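These protein sequences, in sequence, are chains L and R.
Its first residue numbered 1, the first sequence is counted upward by one per residue in our numbering.
Its first residue numbered 1001, the second sequence is counted upward by one per residue in our numbering.
Treat the hints as calculated values from the structure; they're not laboratory data.
Just so it is clear, the structure is predicted and the values come from calculations on it, not from any experiment.
Misleading hints may appear alongside valid ones.
Unchecked claim - Just a few of them, taken from the derived set where beta-carbon distance is under 7 angstroms, the chain L residues facing chain R:
{"#": "1", "residue": "Tyr-157"}
{"#": "2", "residue": "Leu-179"}
{"#": "3", "residue": "Gly-191"}
{"#": "4", "residue": "Glu-196"}
Here a beta-carbon is modelled for each residue, glycine too, at the ideal position from N, C-alpha and C.
Below, each chain spelled out in residue letters.
2 protein chains.
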Amino acid sequence: MSFPARLVYLDDNNRTERSRSLGKLVLSMSMSLDGFIAGPGDSPDNPFGDDGQRLHAWLGDGGEDPPSYRPADEAGRTVFDELLATGAVITGRRTGDYVNYWGGDHHDGVPIFVPTHQAPAGPTPGNVHFVTDGIASCAAQAKAAAGERDVMLHGAYTAREALRARVLDVLEIQLVPVLFGDGRRLFDDPGSDRVELDLVRTLESPGALLLRYEVRYA
Amino acid sequence: MSFPARLVYLDDNNRTERSRSLGKLVLSMSMSLDGFIAGPGDSPDNPFGDDGQRLHAWLGDGGEDPPSYRPADEAGRTVFDELLATGAVITGRRTGDYVNYWGGDHHDGVPIFVPTHQAPAGPTPGNVHFVTDGIASCAAQAKAAAGERDVMLHGAYTAREALRARVLDVLEIQLVPVLFGDGRRLFDDPGSDRVELDLVRTLESPGALLLRYEVRYA
């Protein structure tokens, strides 16, 4: 891969502080007030679980491609546009498999990194990279690929792995005003370490409260 | 008890819309972003669980009485003052037992109602009423006692019972910027019904985001 090379290029030729700093690893998830990010019974045919689309009602009414879901309101657009300005995507294996890795192109052809224990046999769609040596390596590769831009992370299990490995920088949570009652939780890792957060931005979208937290590891 | 009588009095003598309307049943809980309202290992000697005080850091540094915890900031005071202006308190049996029912006086001597399967033997502290015929009856009695004022509800199990019985009107959640990782959850009722909420107020306190949701039962 040429990603580390690009970093070296920046270091050698562009010595301002700003251009040398890497972007952040940003988790983006839409979560009900009671902590669910999918309804019960999620599967490849039902990727959000039963009525799980409720959690994504803050987005616009898009089609196949993620960029087609741009919200109509300003707050929603602000967050959405930031996410689609990221320079790489990390997705969990489950999420990725469910949506066939967006055909290899989540947005703008940026590389998609997938932490996994074993890469699948057969051809890899588009710009998808399976990373088998752990989440920290996956995060480092994605950040190198993104350069100064942020990296978007999606997936509950992968988010928890990134927290454990202390490589997650930001949580961008779309807090949806509903009690889901059942389904798949974002934070479901009993006995994990306590992690302090800084709430750095609150935006009110008609369909969700858009909360940006920076992670403060002890 | 004289509470229903007071309601009749209002109905007979004070026929404006406003004076006839009862207050709301308002759940107030401080919750981590990952949904916990107490640390692990809560007990009478450790009522908030391990390091559970973290969740109440948005409050002031009070003493024995709830009113002594008035926060220093305006947003925190707004919510705190509303809660201490309630005309009755409902508390779960666990919470109540842990704190000995605040000696029978949570604030201003308002009555304290405790839904329970069996009232304890022996004398009842102060103005505490054990209600054994269900959460709906408990809510009705507390509302009647409070008149036009709201009723404050505290306790995770009791909150879930009130939601199931469709008697909870408002959730006032102090969303604390921390991932607790473990402990007791506010919403832990797998398979419960989905409940839509309206976010009606967002206040930013230095220690927590103060969110007020009205419940919309289907």
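Going down the list of hints, with the structure as the test:
1. Tyr-157: violated, 14 angstroms
2. Leu-179: Holds: closest Cβ of chain R sits about 4 angstroms from L/Leu-179, inside 7 angstroms.
3. Gly-191: holds, 5 angstroms
4. Glu-196: Check passed: Cβ of L/Glu-196 comes within 5 angstroms of chain R, closer than 7 angstroms.
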